[in-house]
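These protein sequence lines map, in sequence, to chains X and E.
Reminder that position 48 of the first sequence reads as 48 in full-length UniProt numbering, one-by-one numbering, no gaps.
Reminder that position 23 of the second sequence reads as 23 in full-length UniProt numbering, one-by-one numbering, no gaps.
For the record, the hints were derived by calculation from the structure and aren't laboratory data.
As the structure is a prediction and not an experimental result, all values here were calculated from the model.
Take the hints with a grain of salt, since some may be wrong.
Partial list, computed: chain E residues near chain X (C-beta under 8 Å) [claimed, not checked]:
1. E57
2. R98
3. P122
4. Y123
5. A156
6. D236
7. I386
Some chain X residues well away from chain E (every beta-carbon gap over 12 Å; in silico) [unchecked claim]:
8. A23
9. P98
10. K183
11. K223
12. V256
13. D326
14. R327
Glycine included, each C-beta is placed from N, C-alpha and C at the ideal position.
Each chain, written out:
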Amino acid sequence: MTLRDLLAGPPTVVAAGVDVFSAALRAQGADVHDVDWRPPGFGDPADLAALALDPRRPAANRTAVERLLAAGSVLTDVRPAKEVLGVPGRTLLHAGPPIAWADASGPLRGALIGACLFEGWASSVEEAQLRLASGFVHLEPCHAHRTVGPMAGVTSPSMWLWCLEDPVQGGRAFCNLNEGLGKVLRMGAFGEDVLTWLAWMRDVLGPVLQAAVRSMHEPMDVKAVLAQMLQMGDEGHNRNRAGSLMALRELSPAIVGLAESSGRASGELAEVLRFIGGNEHFFLNLGMPTAKLATDAARDVPGSTLVTVMSRNGTEFGIQTSGTGDRWFTGPAQTPVGLFLGDFGPEDANPDIGDSAIMETYGVGGFAMAAAPAIVRFVGGTVPDALATTERMYQLTLAENPAMAIPILGFRGAPTGIDVVSVARTGWLPQINTGMAGRVAGTGQVGAGLVQPPRECFEQALAALARGARAS
Amino acid sequence: MALRSGVYADSVRLMQVSRDVGARDGVTAVLVAMATPLNLDLAAGMGLAPAEPASPEQLLVAISADDDAALAGAVAAVETALAERQRSTASAQAVPARTIGAGLDALPGDGPALAIVSVPGPYAVAEAADAIAAGRSVLLFSDGVPVEHEVALKRAARAAGVLVMGPDCGTAIVSGLALGFANAVRRGPVGIVAASGTGAQQVSCLLDAAGVGVSHVLGVGGRDLTAAVGGPATLDALAALDDDPATEAILVVSKPPAPAVALEVARAAAGLRTPVRQAALGPDAPDLTAAVEALLGDLGVAVPDWPSRPGAGEAALPGAVLKGLYSGGTLADEAMLLAGPVLGDVRSNTPLRPELGIGTDLAAPGHLVLDLGDDALTVGRAHPMIDPTLRLEAIAALAASGEPAVLLLDVVLGFGADPDPAAALVPALAAARARTTLPAVVALVGTEADPQGWSRQADALAAAGASVFASNAQATRHALGLLGGAA
Chain X
1 MTLRDLLAGP PTVVAAGVDV FSAALRAQGA DVHDVDWRPP GFGDPADLAA LALDPRRPAA
61 NRTAVERLLA AGSVLTDVRP AKEVLGVPGR TLLHAGPPIA WADASGPLRG ALIGACLFEG
121 WASSVEEAQL RLASGFVHLE PCHAHRTVGP MAGVTSPSMW LWCLEDPVQG GRAFCNLNEG
181 LGKVLRMGAF GEDVLTWLAW MRDVLGPVLQ AAVRSMHEPM DVKAVLAQML QMGDEGHNRN
241 RAGSLMALRE LSPAIVGLAE SSGRASGELA EVLRFIGGNE HFFLNLGMPT AKLATDAARD
301 VPGSTLVTVM SRNGTEFGIQ TSGTGDRWFT GPAQTPVGLF LGDFGPEDAN PDIGDSAIME
361 TYGVGGFAMA AAPAIVRFVG GTVPDALATT ERMYQLTLAE NPAMAIPILG FRGAPTGIDV
421 VSVARTGWLP QINTGMAGRV AGTGQVGAGL VQPPRECFEQ ALAALARGAR AS
Chain E
1 MALRSGVYAD SVRLMQVSRD VGARDGVTAV LVAMATPLNL DLAAGMGLAP AEPASPEQLL
61 VAISADDDAA LAGAVAAVET ALAERQRSTA SAQAVPARTI GAGLDALPGD GPALAIVSVP
121 GPYAVAEAAD AIAAGRSVLL FSDGVPVEHE VALKRAARAA GVLVMGPDCG TAIVSGLALG
181 FANAVRRGPV GIVAASGTGA QQVSCLLDAA GVGVSHVLGV GGRDLTAAVG GPATLDALAA
241 LDDDPATEAI LVVSKPPAPA VALEVARAAA GLRTPVRQAA LGPDAPDLTA AVEALLGDLG
301 VAVPDWPSRP GAGEAALPGA VLKGLYSGGT LADEAMLLAG PVLGDVRSNT PLRPELGIGT
361 DLAAPGHLVL DLGDDALTVG RAHPMIDPTL RLEAIAALAA SGEPAVLLLD VVLGFGADPD
421 PAAALVPALA AARARTTLPA VVALVGTEAD PQGWSRQADA LAAAGASVFA SNAQATRHAL
481 GLLGGAA
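Isolated chain X, as found in the complex:
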């Protein structure tokens, strides 16, 4: 609208502040929309003003969003981590911001112990603990290596990784293979059965998937599967049922074909297919690197207040923003609220853990709750709650992702690209759907529910971004 249009006719008015003016406008028959304004949830008003007035910010956020939305995701390979990541031996990757063994929570410790035993770096739990505490085994965040991992996210050299590529912008991202539910390493379990299962994944599942993926004529378009999931009742974080079945549909001809082409025993292939078909979260480990490709594409735009990472290590929640590079802003991880398996209760739950909040960073998961009415009860809510959650998230985000359409909202694109400034101004924190690990190492999964980041992450990010705006 130009200034000339301003005078073209009686305007519709959007008003924030004292209601006496809105009342006077209504008395004149005007079309008035009142904003439910309230003071920002946090942040120094001077910082908010500096960012609101930063002339770089609108274009920077547009650039970041364009890159994020343009990113594609195809499955190019499956390879052992040691061939892919280029990290020194005896390094374990983990979810969330950097953490030392001394600060690690139960499930992260459990997963690290399990990985040491799996790699043969220790022969007993006690020895593994000593070696982790002494620094003999080195810890680094997955996110520092273009990698993401659900829950504890522990990734060791012998584990196989999904290798994904953004065909548009050339990015790459990696994620380990999903182990299934229950007592699993990512939930902090490290018993004999867990290690046996990891060995099967290393010796059978990984090689079969690699051969199958390499034999496919067209690489799997993982982003397209994610888009279709939202039309089928999944939100891509806590519900991956449709996506997992679609992945099975995509992979199974190639897997079955291995019987002839490489002489794999049909019983072994059947075992692989049975595992994939029975694992409702099989697709999560494909969805997460897809989201990672997109949010990585939005990195490093000076002046952009878009969130590129939300992630938790079980002790701390950390975020990164486009305008501040790979710097972490952290606060204490909250404990999710939700429903519990069996006899477990709230006291058994560990604080929030996992890189899987990359899904919400990408605008699905909790942000697309409206797409997944089937899970709202499992994560402790109602269908109207789910719709309202997604509606709220539109006010935190910079864009609607046309590729991720939400049917019940009239195929409106999912709310995508969290803006730190909007989080502060609305006082609404991002909504994350999540699994819950037991707080005691070795327990495994205890439930699933909803969680939010601690406000501190966004407070620090806001202050740092404002410093950048002033210095620019």
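Let chain X serve as the given structure and place chain E on it in line with the hints.
Okay, now just chain E, sitting in the frame of chain X:
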């Protein structure tokens, strides 16, 4: 024929798209569908089979048309249909917008719209910036907005081709719609650019009393013409009014502008097709009433007798001083400019010269004109045009002080203002006047069409013994006359 990856829409939606695009002139066949084997067979049957291998996640867009133009049009129509956002009708979960940005985003359609921001000053800039980013003009009513924020907002607004009205000048009438503090004035040929809120109300109400209406009133903020801000909103508002077919004459109302800015505004005004008259209050400039009278002369309209209820002309006590208790800053300035040459020094919380300042002592003795709407006095409370408490206290304190005085008040009517200011003022005046001899003179700024009604308010105030004038200049001169000065 094209295959697209990373796009997914359900089959019903795609059938609608195919049907709508197929109905276009020059289009002979359309199939927009996911590239499933079934749909590929369908496409082949229509003679539109893709040359390259397709997979079910890809979107098949197959169109045949009579010529390239029809084909290009059909492809564009597919794009538009796929991108079209369908607003939710299923959700009853209306989540209220918390920011101006979200509120503007939620508006259906793209007709004329603007934002009004009256949140506390430190937070106002983010809301105003939302409006500018959305390509909408904004009336920034909030006070306490730092000048550097004003400068940055107006710079962004110029780049976006929108107007920031304000801060510290809560008046605008856009296409007959009164925003913020403004009066129900008739529509007509005069466009007003105002760096003064109550100044704009005074001149628009006097024009209305003379039978002349306004096209638009664009408040540009009390600091717009200072050297620090440099007049960007004034220049843009002038240009917009010059382009407006309904505007035949322009009046710029302000306090004295910074010389360099005044020069630039004068240069811009000289370049317009529409005649521009300035009403810049100052020691050597005509008062606002005189400026309106001059404009009426330009328009060939006779100057009427301005509405008044002068009353009997009650004598002041010997040695009486002028006590002006104003809610409008510009009206207070005008009173001081008129009183100074007659009375000598008039002190104020918003003095004409720094040495006449009284600090925070609102009960200082001697000639005094206060602006009770000044930022320093409205922190944490409503403007005195809405909340009379501060002025009622000052009247009671004056009566109790025993200092002989003539009381000069402004009462500003209109949208947004106190719905019945006389209701609170009449008993306060009666109580004060029961205690001591205290002649009261009121500048009543408003129109008959205002929600409060000029005559209703004037009659009530006159019945309480006040002398009432529609012109602040006349009211001030009347008060000076009661003090024995030259009227």
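Cross-check of the supplied hints:
1. E57: Given a least distance of 4 Å, the restraint on E57/E holds.
2. R98: 4 Å, holds
3. P122: 4 Å, holds
4. Y123: 6 Å, holds
5. A156: 7 Å, holds
6. D236: 6 Å, holds
7. I386: Because about 6 Å separates I386/E from the closest Cβ in chain X, which is inside the 8 Å limit, the hint holds.
8. A23: 9 Å, violated
9. P98: 33 Å, holds
10. K183: Nearest chain E Cβ is 35 Å from K183/X, so the label holds.
11. K223: 5 Å, violated
12. V256: Holds, because the least Cβ-Cβ distance between V256/X and chain E comes to about 18 Å, which exceeds 12 Å.
13. D326: 27 Å, holds
14. R327: 24 Å, holds
In this structure, the earlier hints numbered 8 and 11 are contradicted, and the remaining ones agree with it.
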